[in-house]
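*Asks:* Below, each chain spelled out in residue letters.
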Amino acid sequence: MDFLVANFAEILFYCFAALTVAGAVGVLVLRSPVHAALSLLLTFVMVGALFLLRHAELLAAVQVLVYGGGIMVLFLFVIMLVNVKGLASSEVFLSELAPLAVVGGVLLGILVAFALVFGVFASGQGDGTALRSAGGEVLGNTEAVGMVLYTTYLVPFEVVSVVLLVAMIGAIVFGRRSAAFERRGGEEGP
Amino acid sequence: MIEATHYVVLSIILLCLGIIGVMVRRNFITVLMSLELMFNAVNLNLIAFSFRLSDLAGQVLAIFVITVAAAEAAIGLGLIIALVRLKNTVSLDEADLMRG
Amino acid sequence: MKLYDLIWLVPLFPLAGAVFNGLVSNRRGLSKAVTHSAALLGAGLAWLYGWAAMIQWFLTEDRTAPYVVRAFEWISGGAVTIAGGRTAEVAIAASFQVDPLSAVMVGFVTFVGFLIHLYSVGYMHGESDRAYARYFSFLNLFMFAMLTLVLGSNLPVLFVGWEGVGLCSYLLIGFYFEKDWCAAAGMKAFIVNRIGDFGFLLAIFFAFFYFGTLEFDGLFRAMANDHHGDLAGAATIIGLLLFVGAIGKSAQLPLYVWLPDAMAGPTPVSALIHAATMVTAGVYMVARCNYFYQMSPAAMLTVAVIGGVTAVFSATIGLVQNDIKKVLAYSTVSQLGYMFLAAGVGAYIAAIFHVVTHAFFKACLFLGSGSVIHACGGEQDMRKMGGLRKHMPTTYWTFLAATIAIAGIPPLAGFVSKDAILAKVFEAGYTNLNDHSGIYYLLWVLGLGGAALTAFYMFRLVYMTFFGEFRGGVESEHHLHESPWTMTLPLQVLAVLSIVGGLLIGFPGQLFHLEGWSFIDRFLGPVVLQAHGDGHHGHAVGLGLEWILVGLSVAVAVGGILMARRFYRLDPAWTWPQHLAARFPLAYRMLLNKYWVDELYDATVVRGTVRLADLLWELDARVVDGAVNGTRHATVGSSWLSGIFDLQVVDGLVNLLGNGVRVTGRESRRLQVGFAQGYVMVMVFGAALLLGIFFVATL
Amino acid sequence: MDTQYGWLLNLICYLPLAGALLMIFFVDKESSRAVKLTATVVAAADFVLSLPLWFLYRTDGAEFQFATEAQWIPSVGVQYLFGVDGFSILLILLTTLLGFISVYSSFTAITHREKEYYIFLLLLQTGMIGVFCALDFVLFYVFWEVMLVPMYFLIGVWGGPRKLYAAIKFFLYTLVGSVLMLVGILALYFFNAGGVAAIGLTGLGNEATFSIPHLYTIASQIPPELQLWVFLAFFVGFAIKVPMFPFHTWLPDAHVEAPTAGSVILAGVLLKMGTYGFVRFSLPLLPDATVRAVPWIGALSIIAIVYGALVAMAQKDMKKLVAYSSVSHMGFVMLGMFALNDPGLRGAILQMLNHGVSTGALFLLVGIVYERRHNRLIAEYGGIAKVMPLYATFFLIITMSSIGLPTLNGFIGEFTILIGAFHHSWVWALFAASGIVLGAGYMLWLYQRVFFGELANEKNKDLADLNRREQWTLIPLIVLAFWVGLYPKPFFDRMRPTVDNVMKRVAVALPEAGIAAPGEASSDAPDVADHGDEAHPEPGE
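Chains as they are written, first to last, in our numbering: chain A, 8 to 197; chain B, 110 to 209; chain C, 56 to 754; chain D, 311 to 851.
Read the hints as simulated data drawn from the structure, not as lab findings. Certain hints may be false.
To be verified - Here are some of the chain A residues that sit facing chain C, going by a computed Cβ distance under 8 Å:
no. : residue
1   : 100
2   : 104
3   : 106
4   : 107
5   : 115
6   : 118
What the hints assert, rightly or not - Have a look at the derived ranges for each label pair, beta carbon to beta carbon:
no. : chain 1 : residue 1 : chain 2 : residue 2 : range
7   : C       : 709       : A       : 87        : 23 to 33 Å
8   : A       : 161       : D       : 362       : 49 to 59 Å
9   : A       : 84        : C       : 738       : 23 to 33 Å
10  : D       : 737       : C       : 282       : 27 to 37 Å
11  : C       : 729       : A       : 177       : 38 to 48 Å
A virtual CB, placed ideally from N, CA and C, is assigned to each residue, including glycine.
Make a model of the complete structure from these sequences and hints.
*Replies:* Written out as structure tokens, the structure reads:
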């Protein structure tokens, strides 16, 4: 038990990491998009849990809410809407490319890993208190992030919100355009 | 002790899976999901380094990444709908209007 | 309350009427009753207020100095250096003045104007509602402009009225614009007037250059203070240029040609504008600016000569015209000549006196002729009239009274004023004014001859129109009728004034040793600058000689009348005039065709200008624009040449390059497979390669 | 420079641009209604926004007000300098008013490519306002060129049968002038800065700048020869735009081919660019050369007045007639300006406005019948006062304004100019005043041939009178014509500081300048007319 107590954080990490990778692999290999999506959901939630371990409580919440809630619903919604099952071809993978792709992916991964690991060794180490304090006073992580977000990073924050807005409009336009296209084609519009 | 290295390795694995997924899956929706995987990989990294450096910038950046990911998902799914309407397929290799 | 402090209301009343009729009545097509009520109200209020203000002024203020009412600053052109290196501010105010001269002018303009408005109510009744409103709008607008003209206290404000009456004249002459010749007459009037205005404008500039002010009062004082004759040269230039303006507006030689044509307008318009008021504006202006002429013998002489010659010249044309309005038009030109003749000998008061009496009898004549034309259904040719005495007695009697007045039979108005003029002209010769004794005597003879001609052609007109048998056919004779009261009432009022008006306002007391009995002489005295040196001689001509002169002019007038009676009354077949015409065909044709002056102007000035315009247009298109297009052709040509060089040599190289690019493009197009994941793969390997290079380089 | 309310000026200048962008991205080109509505609202808003300038401008304040000062390209001394004085305010108001009217008047005249048309109109407006606001030579030049392009397209796309010829002629002609102007600008720039050794131009060694207010301060140090060359370069640029006598032939072509609104803007505002340039640059910056050029420009102006009027008389096409009348009227403006005295310059400035109002209105009027009949030949009309009484009334008022009838605007301008010209040389006034007679000649003749007489042509029998919209395009101009004619004082008040400043700067070069202290008001400046004694009417002459 002592081992469990002493290394609780490590054990949690490995569990979460394993589930994360499992989910990712599921996305890669599951034939049905619905299954793939559910598998992706697992990854999202586990990544959120991993955030918790690094004292990023706010991020964890956002991860679950946005990914697990918003984006996932969006995926599922689209899957339902376009009836993927009927449309998807029987061939799941691009078989002729697959080997090459795996080689390329792994190669790139290794190279990036090199870069990052060097980065880890090159950088110093903090105690994490800064992640919970603002202006010297110890608060929660949410307050700390909020303070930084709305002071130092106010302008980028606003810009990102515009990006989101534009994306939203763009999504609507894509929907409309094709509607117009269909009208011209004589079919019934939505 | 969990080091940043752990996180880095995990994130690299996720990234690789994502890249491979993007390249090998035919289904556009799954390709998008793979992209989301890559985003998550990046976020993991950011959080890890944020903790290590005791710097909130990493978390803030992660929030931005999530936002962009949401935007990307919205656009991408919109594209899927357009593609379905236009060519009645979700296979990415059949969307080849730009072929030279 | 000083009514004359608000003297600018006088022109504003008719303006309000004009605006109402123009914007409301005309647009909405309101009924005739509304239209003429508004117009009469405008003119009537101007009359009442003008008279009230003038009488109040007369009773309360010092009459030797003008009472100036400044409304607002109008043109502020900044400072400029004028003659003698002085600096003057171009600050022209919209200001009005009350003084004896403007009082007289306002007095009769508003009065006659109102009567003619009243007359128009009957005369224009046949027009459509909108044309009716348009007519009254223009007529009211004319009143506004005319009153501005006589009330303005400086040359530019006078000029506003001056141009304004010209505009109204243009509009009213061209009232029946569907007829080409009416519109053409309007345009002719405006453009000929503009030629005069050209002189007027230059006079204004010269006046400002020499005096630094354009206020009449300031100019007057500057001239009055010039004891050494330093400003005589300036006075000559300004006087002559102003007179150019007067020639245009008052239809004197050589710019009289527009006035006979102006008869194309409705008859009340001819009465108001082209007889009673507007055409006398030139005389008013000369009288107003008399100080320039007083200082300049040359200018005076020019005015006198042009006036005298015009008086006779146009009277001769009037002898043979058959159009009733044309006769009256030439008569107007002739009478205006008399007025200028008076002004030219320094008798400005006599000139204004004649303006007033002329307004009475000539308005009466025109309105009478309008009544006749109305009755004859628009016919203006006297050869197709005759015997109208029986059908329209009121018109006949009033017309006759005015005719006797203009012919110069004592004691009617025309006699009094015309005799005053002739006496002054004779006096000028007698006293050897400015050493031009001979010329003035000659002018006196001309004036006397003109009086005889006047008597002749006016009675010719009466006899042809009202006596004998009606020559217009049975059908037309049926329609002959007396006019309604709105038309006859003004006739009667004007006829009465033609009879008594002269004695009333200008009793020739000097003939009876009664000094100061002439109201107008005393009243207008302060307006005229007493020239240095010669002063006022009083009675240079002895009383006996004066009576002889009176006798002479009466005798000539009676002679003219008797001759007309012999020619056109006693001999219904008119054999004598026909005989004369056959005997002197050239003279007759010359008179009938008005000395071919119109044709001459048409052939020289009008055609010349149009020709020049066409020529310059050719020049512009061919030469000036040709140069531009030539540049274009030269540029295009040289670029064609260099194009060949370019094609063969430079382009050869360029094409080589271009072909290279094209081939590369064609080949590399194959790489574009349109397969997204293929691109991703390339990207991944590319990124890996870059990272690899990075590590190799770093390590 | 008074920077209070500087934002207002920028807003006025860029609002049409913003409107154009808005239309590009958000207005559906299929919806003609939306296109017109947007353009009208933007143009009207711009006009309303420009109104405060009239009230906020202080005649006793700094020379340039509503200013904006910012760096633009610091490395070569280009600044973003905006600012206006009374003179430019009048022109900006004219621009915004005519801009609105030209948008409003095009509703039915333009039927294809409507969206692009209104976008170009709005872009043009930004360019024009910018020209009047810019106080930095480079900025000025940028706006000057920006203005050209939309006009080129307006003529070239929506024009008449020979539109391409006219558009290219307009563009190239103006471009030639502006390129020379650029050379002049650079010469001044280098003179102020280090000079150019290669061409033997020694400079003052000041900090390099294109700022016009700064260049004003060094004007007296520019050597006469340099002044002359720069003056010539400017002269060509501005004279083409005015247009002065030998450079005027692009104008009739451009006017005839341009759509109605294009003609209105062209006559109303673009021609003012040339005269604006003279007043803003040539006179104050190059006083020596200006004084030397007076006889030549005077002669050219008089030729323009008489020649323009005569050629107008020979025209058979209404629009061409009005175009040539512009040549004549702009001759008056140039004459007054180069009389180099207060009344002349004031009259010239006022006459610029007057010409914008009355000629703009004339083009609108001609456009109205053209839209109904698609014909501009005078001979095709005649007697239409009967079917279009209201139109005839409006046309008459504007005709009278154009020929200078007192109580209307034309008179005030011409009268003031002539007083100024007279005090320079009475011969000038003599010849110029003859233009007034000729002006009455061609305008009234036109009026007679079009409106009076028998309604002979069958096609004219059922012409519709003005509709409500057409009336409202004209009424503001007519109100303005009467306002200027009856009470021009507010206009004179606003231009006074400009005139005083220009006269003060020119006075340096006048022969007796040594006597007058530089700081004194121009009323103490020596007699301009005195340096030509032969042109002086002597008492007793």
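*Asks:* None of the hints should be skipped; say for each whether it holds.
*Replies:* Structure-based check of each hint:
Look at residue 100(A): its Cβ only gets to about 11 Å from chain C, farther than 8 Å, so that hint breaks. The restraint placing residue 104(A) at the interface with chain C holds, with a minimum CB-CB distance near 7 Å, inside the 8 Å limit. The beta carbon of residue 106(A) is not positioned within 8 Å of any beta carbon in chain C (closest approach about 11 Å), and the interface hint is therefore violated. At its closest, the beta carbon of residue 107(A) sits 7 Å from a beta carbon of chain C; the interface hint therefore holds under the 8 Å criterion.
Interface restraint check for residue 115(A): the shortest CB-CB distance to chain C comes to about 4 Å, inside 8 Å, so the restraint holds. Because the smallest distance between the Cβ of residue 118(A) and any Cβ of chain C comes to about 4 Å, under 8 Å, the interface hint for this residue holds. The supplied range of 23 to 33 Å is broken by residue 709(C) and residue 87(A), whose beta-carbon atoms lie about 58 Å from each other. With their beta carbons about 34 Å apart, residue 161(A) and residue 362(D) fall outside the hinted range of 49 to 59 Å.
The hint said 23 to 33 Å for the Cβ distance between residue 84(A) and residue 738(C), and at roughly 29 Å that hint holds. Against the hinted window of 27 to 37 Å, the Cβ-Cβ separation of residue 737(D) and residue 282(C) comes to about 32 Å, which satisfies the hint. Here the CB-CB span from residue 729(C) to residue 177(A) is close to 22 Å, at odds with the stated 38 to 48 Å.
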